[in-house]
Each structure stands twice: as structure tokens, then as C-alpha cells.
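Q: Now for the letters of each chain:
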Amino acid sequence: MSGDLIRAIVLLTILLAIVLVLAVSFGTVPISWSDDAARTILLRIRLPRVLLAAAIGATLAVAGVTFQTLLRNALADPFTLGVSGGAAAGAAIATAFRLGRFPGLVPLVAFLGACGATAAVFLLARRRDHTDPTRLLISGLVLNAFFSAVILISFSLSREADLTAALRWMMGVVWGARWSEVIMLSSLLVVAMIVLVYVANDLRLLAFGEEDAKARGVNVERVKLIGFGAASIITGAAVAVSGIIGFVGLLVPHLIRLVWRRDFRFLLPLCAIGGATLVVAADLLSRILVTSAELPVGAFTAILGVPFFLLLLRRSR
Amino acid sequence: MIEVRAVSYAYGDSSAVRDVSLTLGEGQLVALTGPNGSGKSTLLKLLTRVLAPQSGEVLFEGRPLGDWPAKEYAKRTGYLPQDPDPAFPMRAIDVVVSGRAPYLGRFSWESVSDWEEAERALALCDAAHLRDRYLDEMSGGERKRVFLARVLAGTPRLIVLDEPLAALDLSHVQQFSLLLREVVNRTGCTVLFAAHDLNWASAHSDRMLVLQQGMLALDATPAEVMTAEVMRSLFGFDAETVHVGGKTWIVPSQA
Numbered sequence: 001m002s003g004d005l006i007r008a009i010v011l012l013t014i015l016l017a018i019v020l021v022l023a024v025s026f027g028t029v030p031i032s033w034s035d036d037a038a039r040t041i042l043l044r045i046r047l048p049r050v051l052l053a054a055a056i057g058a059t060l061a062v063a064g065v066t067f068q069t070l071l072r073n074a075l076a077d078p079f080t081l082g083v084s085g086g087a088a089a090g091a092a093i094a095t096a097f098r099l100g101r102f103p104g105l106v107p108l109v110a111f112l113g114a115c116g117a118t119a120a121v122f123l124l125a126r127r128r129d130h131t132d133p134t135r136l137l138i139s140g141l142v143l144n145a146f147f148s149a150v151i152l153i154s155f156s157l158s159r160e161a162d163l164t165a166a167l168r169w170m171m172g173v174v175w176g177a178r179w180s181e182v183i184m185l186s187s188l189l190v191v192a193m194i195v196l197v198y199v200a201n202d203l204r205l206l207a208f209g210e211e212d213a214k215a216r217g218v219n220v221e222r223v224k225l226i227g228f229g230a231a232s233i234i235t236g237a238a239v240a241v242s243g244i245i246g247f248v249g250l251l252v253p254h255l256i257r258l259v260w261r262r263d264f265r266f267l268l269p270l271c272a273i274g275g276a277t278l279v280v281a282a283d284l285l286s287r288i289l290v291t292s293a294e295l296p297v298g299a300f301t302a303i304l305g306v307p308f309f310l311l312l313l314r315r316s317r
Numbered sequence: 318m319i320e321v322r323a324v325s326y327a328y329g330d331s332s333a334v335r336d337v338s339l340t341l342g343e344g345q346l347v348a349l350t351g352p353n354g355s356g357k358s359t360l361l362k363l364l365t366r367v368l369a370p371q372s373g374e375v376l377f378e379g380r381p382l383g384d385w386p387a388k389e390y391a392k393r394t395g396y397l398p399q400d401p402d403p404a405f406p407m408r409a410i411d412v413v414v415s416g417r418a419p420y421l422g423r424f425s426w427e428s429v430s431d432w433e434e435a436e437r438a439l440a441l442c443d444a445a446h447l448r449d450r451y452l453d454e455m456s457g458g459e460r461k462r463v464f465l466a467r468v469l470a471g472t473p474r475l476i477v478l479d480e481p482l483a484a485l486d487l488s489h490v491q492q493f494s495l496l497l498r499e500v501v502n503r504t505g506c507t508v509l510f511a512a513h514d515l516n517w518a519s520a521h522s523d524r525m526l527v528l529q530q531g532m533l534a535l536d537a538t539p540a541e542v543m544t545a546e547v548m549r550s551l552f553g554f555d556a557e558t559v560h561v562g563g564k565t566w567i568v569p570s571q572a
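For the protein sequence lines, the chains are A and B, in the order given.
The working numbering numbers the first residue of the first sequence as 1 and each following residue consecutively.
The working numbering numbers the first residue of the second sequence as 318 and each following residue consecutively.
If you're looking for bench data, these hints aren't it; they were derived computationally from the structure.
Each residue gets a CB set at the ideal place from its N, CA and C atoms; glycine is no exception.
Keep in mind that a hint or two might mislead.
Incomplete in silico selection of chain B near chain A, CB under 7 Å [to be verified]:
1) T365
2) K388
3) R393
4) P403
5) A404
6) P406
7) P419
8) Y420
Let the hints inform the model, and build the full structure from the sequences given.
A: Printed below as a string of C-alpha cells:
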């Protein structure tokens, strides 16, 4: 591994640590080990929430940079592609059919939704060796509209008692986080990262185009399958836990590239740490700005993300 | 070194390469020419394993391409596509060192010797000063040299270049052609390049292959190709020849 990368990782990790400490410390109840109630709040509520936000941020940023490399397009992100929407639609359908009673079933259906959306992106936006940004965005728009409709239909079929849970898929929230969710998502992320690092050399060559990568000895079809599969699975898992949190996968690789304009092997770990930092910070900010209610962090990342997205759109060919 | 045996390839119904057979030896600088759509790019892709022949076979060092492990074959060949375009901004040196990728194992990074090879290739292409510049800040000629350095960094025995002279101005065409000759002389590898400009292709090659509608119409020395008869029969225009500096140049006749 190169010295540059180690320095960048250390730098971003320090930033993440600072944001984590701030996020855990901030709240109406001051943290304290001696006080029982305060300790319970810390361990049961605040810590899982902050760590879940970190895991979701890392997951979405990793999925984003992977989609961008595979599609050779900086506008790709789980949300703009409609992959998050597909996962949310899957989760909403599962909720309507009351599958929440069986553990693991809702994330599974969410993952199937994510895979369906990825396949649709393939069919709609890809032309031979490259992805046309216009087609990419239009197909994302259409898919998101379709999935919103599916989610609304599922809502009307859901029982009243399930509606609050169902609303989560649309809003993108990290409150009420459970340790089991934190553990599920972070272990999936670790596995996905290992898989992605395994094909990182190949993915980095794919940035030069598929034919070029083939001539360099890359098994392009296999790498695409692995890359899209890994990115879809983790997107599905993140959405199943927290609903749609948009633009993280777009924003983070973009910000990282502003500082480190390097290849995929470099960007992957930096995006993971940067994504964790961004979502924890966004959640902290929403708690600081509005103390009377719980703001959905997804709305916050969207407010941050939209201007960046428009900027990227202006610049793209 | 490489032997093409009765290879054909079609995109759907439209046939691109038809029943082509040829052999390339060590240390040759070979130009592949032919009118637009005559199958030049497709033939180059068949030699670099980007495409697999639908019939016939290609042998490298006596072994069919399909039997070569992909990375092993990639170590021995270098391919420069017509319009290489990395999706994201990259430094020249990062582009060049990516030519070492077939030598890397899983989970591994370039070693000191990989970086040295990249620096050497960059210097050979007279592009050492571009090392830390970004591709999107370079001229077409500078980019071409960086990409040739990327090909050379892989220390290939066979180099395949698709229209390397396109989009270069005349002084860069001259420079780049001399560079190709130097590479062949220095490393003893074989270079096959596609070019539609006959005058330059002939001036800077030892041998010319002419494709016509996917078939190998002529395999001869530049002097044999550069005649009025060949221009009329294979390229479809009337021409006169001019002899300057020991080379033959084609000039289209006034209608």
C-alpha cells in the first residue's frame, strides 16, 4: 500500500473520530458513566444511532464510488440510479405483506428491489462501452417515479399500525437504531469491502473502458457482476435499515476526488471513512438545529447534495 | 510471433473481418491500412483478445490465444485503443503505471520496480515532464505520448495501436512515428499500427497490410503499395506518385 494512502486514511479517520465524539456527546442528557439513566441513553440510544449513521454513510459512499467506476460516470449514486428507490419499494411491499414478523425477510426483499433496479439501469442507460449521462438520469428519474408509486400503493395496503414503519423507507432516518442493525450492516459492509478490494485492480482498469480493460487481461463480465452485485447488496441493506438517504454516494466520492484525484483502489477506503463522517455530521447537525423534533437525516443529505449534483451535471459531458 | 489463421468476425449480420491470414515476426514495424470500415479496428481487437474470432484462430508464440491465461497474454501485448478516455481525471504517472496491472496479484500494489518501469517508459516517450500533470489538462499529442508510455510500461513483445496518428498535427505525427521506430529498435518488439493516412503509414513502416471489405487485399512493402494501380484498385481513387527523400508519396489526381 502506498504512503499517500496511509496518510489520507489517518487524516480522514481523525476527522471521523472527532465527529463521532461530538455526535455521541451532544444531546439533551449529558453523558455520564456514574448515572444509570444517562448510561442507558448512551448505550441504548445514542451510540447505536451514531454508529448506524456511520455504517450507512460508509455503505452508501462505497456503493456510490463502485457504481461510478462501473458506469464510468460521476453522476451515478444509489439514489440517482434508482437503486435506493428499488430497495425502499421492496421494503415497503414487504411491510404491506407484514413480512416484518420474520427476521431478515424485509432486508432480503429490499435487496431484491435493489438488484431489480440495477438491472433496469443496465437495460435503460448503457450503450456498449459507456453510459450516456442523459439516459442515466432519465432512467433514474423514471425508476424513482415508479418506485414512489409502488411505495404509495404499499402504504395504502398497509395496516395503520405498520404505517410509521413504512414511512421510514421514504424518509431516511437513523433514530431508533438497534445494535442488531448496526452489526448486520457493518458486517455486510466489511464483507463487501473485502470483495471490492479483491477486484479493485480490475475495477481501476475498467475506468479506462471495457475494451481497454479486456486487453489488460481483466475478466470484464465477471468483475461487473461482482461489482454491481456487491454495491446492490449493501445498498439494499442500508435502505432496509434506514430508508432512502440520498446523494451520499454522489457527494462523498466527489469531495474525496477534490482532494485526492486518484484511482479506485485509493478512493474506496477514503470514501468509506468520508461517507461515515458525512452522515454522522449531517445527523448531528440536524439534532443541533432542531431540538423539538427528530429530523430525517435523508432530507438533510438531500439539501446538501442537490447543489453538488447540479454542479456535477453542469460539468458533465 | 503471432499467426492469424483464416480468422473471421461479424457484428450481427455485417461482417467486419473475413478469412484473414497473416504472420508477424519479431522486430517489425507494420502498418495496417485500408478505407474506413474495412475492418482495421476489428482485426486489432482480435489480436488483443478484446474480441474472440468467430471462426479461425490466432496463435501467439505457437499457442492459440484462448489457451493463454488472460493476464499472461496481457503481459506480452500492449493495446492502445483509438480514443482512450479514462472516466475520471488522472495523473499521467498513474495512467502509465496502470500498464503494469497484469503483473499485480490480488490485494497488491505496484512495487518499486513497477514505478521504475513506468518512469522509464514515460522518459522514453519524451513525456517525463508530464509526470504529475492531469490528462484533462493536456493536448492531444501529449495524451497520446502518455498512453504510448502506458503501453510500453507493460514491456510487451507485441504492440497494437489503433490510429495512433489520428488527431495529431504534422510535427507530432513525425515525432510519434520516429518514436515508434525507436521503440522497435530498442526493445526488438513488434509494432502493428492502424492508420488511414497512407503517406505517413508508408513512410514509417517496414511492411503494409491493406484491408478491403474485411479481407486482406495486399501484404507488401511500402514501395509496392504506394503505386497508382493499388490506389485505384484498392482505395478507389486516381493518384499520382511523387518521389521525395527516397520515399514514395501519393497525391490524388485532379479530377
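Q: Hint compliance check: list the failing hint numbers for this structure, sorted ascending.
A: 3 and 8
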